[in-house]
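Enquirer: One-letter residues, chain by chain:
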Amino acid sequence: AQSVTQLDSQVPVFEEAPVELRCNYSSSVSVYLFWYVQYPNQGLQLLLKYLSGSTLVESINGFEAEFNKSQTSFHLRKPSVHISDTAEYFCAVTLLSGGSYIPTFGRGTSLIVHP
Amino acid sequence: DTGVSQDPRHKITKRGQNVTFRCDPISEHNRLYWYRQTLGQGPEFLTYFQNEAQLEKSRLLSDRFSAERPKGSFSTLEIQRTEQGDSAMYLCATGALGYNEQFFGPGTRLTVL
Chain A
237 AQSVTQLDSQ VPVFEEAPVE LRCNYSSSVS VYLFWYVQYP NQGLQLLLKY
287 LSGSTLVESI NGFEAEFNKS QTSFHLRKPS VHISDTAEYF CAVTLLSGGS
337 YIPTFGRGTS LIVHP
Chain B
-7 DTGVSQDPRH KITKRGQNVT FRCDPISEHN RLYWYRQTLG QGPEFLTYFQ
43 NEAQLEKSRL LSDRFSAERP KGSFSTLEIQ RTEQGDSAMY LCATGALGYN
93 EQFFGPGTRL TVL
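For the record, the sequence lines run as chains A and B.
Take any residue in the first sequence, note its place counting from 1, add 236, and you have its number in the numbering used here.
Here the numbering used here is used: position 48 in the second sequence is 40, and no number is missing along the way.
One chain only, chain A, in its complex shape (with noise of 0.2 Å):
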């Protein structure tokens, strides 16, 4: 069975400062990569997405992850965060299962940005 792991359950971090929060899968086979994030009282939404194609994706608020297939890894960044990025971050992962498509979610990351 596939999973999902998001190593920060929670990650502080200042105005215009870089973050990072982490995201490894366990899978050798081919998957489709997504983060989504939910922002207070409001419902999950997709950030970016990683199908196939050139590993490095990019969201329209700046945010970018990069598809690691070695590490497994599908890290997301931002060099510079906002107040407005206060929010849960969810790593998914989505693995063709005997014809189904089976998605796996992480527990969630919950980035908080001090002003």
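To be clear, the hints were calculated from the coordinates, so they are not data collected in a lab.
All C-beta atoms, glycine included, are put in the ideal place defined by N, C-alpha and C.
Be a bit skeptical, because a hint or two may be false.
[What the hints assert, rightly or not] Part of the chain A face toward chain B, derived, beta carbon under 7 Å:
no., residue
1, Leu280
2, Lys285
3, Gly289
4, Thr330
5, Phe341
6, Gly342
7, Arg343
[What the hints assert, rightly or not] Pairwise CB distance ranges, derived in the manner of DEER restraints:
no., chain 1, residue 1, chain 2, residue 2, range
8, A, Pro315, B, Lys6, 45 to 53 Å
9, B, Pro62, A, Arg313, 40 to 48 Å
10, B, Leu105, A, Lys305, 41 to 49 Å
11, A, Tyr275, B, Gln33, 15 to 23 Å
12, B, Asn43, A, Ile296, 39 to 47 Å
13, B, Pro62, A, Arg343, 29 to 37 Å
14, B, Arg101, A, Thr241, 36 to 44 Å
15, B, Gly8, A, Glu302, 48 to 56 Å
16, A, Asn304, B, Leu105, 43 to 51 Å
17, A, Gln278, B, Gly77, 22 to 30 Å
18, B, Ala45, A, Pro351, 22 to 30 Å
With the hints as your guide, set chain B onto chain A.
Expert: For chain B alone, kept in the frame of chain A given last:
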């Protein structure tokens, strides 16, 4: 609003009662997923449909849980004989065939007393 909607948003019930939740997807989305999320955890996959076919249901938590999507549009998740451990947020997400990303609804928060 053309997003995923869920009804009700909150449900309080007594142990042993049956509850049913509804999810209305984005209209052109073929796939529909149900998840359970407890405090401090990520969404836990329960089941999913492609149109009206339930393609994966082995992750449903017990035989008290069942889901339907009779016409390939809205879906219902039923929990029979609720237990206090069923208290959680139940999320619905939908997606278009071939695109893998999911669009989540606001969730139904279940409290079992």
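Enquirer: Does each hint fit the structure? Answer for all of them.
Expert: Do the hints match the structure? See the list:
Among the interface hints, the one on Leu280 (chain A) holds; its C-beta lies about 4 Å from the nearest C-beta in chain B, closer than the 7 Å criterion. Interface restraint check: Lys285 (chain A) against chain B, minimum CB-CB distance 6 Å, threshold 7 Å, status holds. Hint on Gly289 (chain A) is violated. Least Cβ distance to chain B is approximately 14 Å, over the 7 Å limit. Of the supplied interface hints, the one on Thr330 (chain A) holds, with its beta-carbon coming within about 6 Å of a beta-carbon of chain B, less than 7 Å.
For Phe341 (chain A), the interface hint holds, the least distance from its beta-carbon to any beta-carbon of chain B being 3 Å, beneath 7 Å. Contact between Gly342 (chain A) and chain B, as hinted, is supported at the beta carbon level, the nearest pair being about 5 Å apart and thus within 7 Å. Contact between Arg343 (chain A) and chain B, as hinted, is supported at the beta carbon level, the nearest pair being about 5 Å apart and thus within 7 Å. Distance hint for Pro315 (chain A) and Lys6 (chain B): a CB-CB separation of about 51 Å, consistent with the stated range 45 to 53 Å.
Look at Pro62 (chain B) against Arg313 (chain A): about 44 Å separates their beta carbons, and that is inside 40 to 48 Å. Separation of Leu105 (chain B) from Lys305 (chain A) is about 48 Å and conforms to the stated range, judged on CB atoms against 41 to 49 Å. Take Tyr275 (chain A) and Gln33 (chain B): their Cβ atoms lie about 18 Å apart, and the range 15 to 23 Å holds. Our hint of 39 to 47 Å for Asn43 (chain B) and Ile296 (chain A) is violated, since their Cβ atoms are close to 31 Å apart.
The given range of 29 to 37 Å is respected by Pro62 (chain B) and Arg343 (chain A), whose C-beta atoms sit roughly 34 Å from each other. Taking 36 to 44 Å as the suggested C-beta distance range, the pair Arg101 (chain B) and Thr241 (chain A) does not conform, at roughly 27 Å. The hinted window of 48 to 56 Å between Gly8 (chain B) and Glu302 (chain A) holds, with their beta carbons roughly 50 Å apart. Against the hinted window of 43 to 51 Å, the Cβ-Cβ separation of Asn304 (chain A) and Leu105 (chain B) comes to about 47 Å, which satisfies the hint.
In this structure the hint that Gln278 (chain A) and Gly77 (chain B) lie 22 to 30 Å apart at CB holds, the actual value being about 26 Å. Restraint check, Ala45 (chain B) to Pro351 (chain A): a C-beta distance of roughly 50 Å breaks the suggested window 22 to 30 Å.
In summary, the numbered hints that this structure violates are 3, 12, 14, 18.
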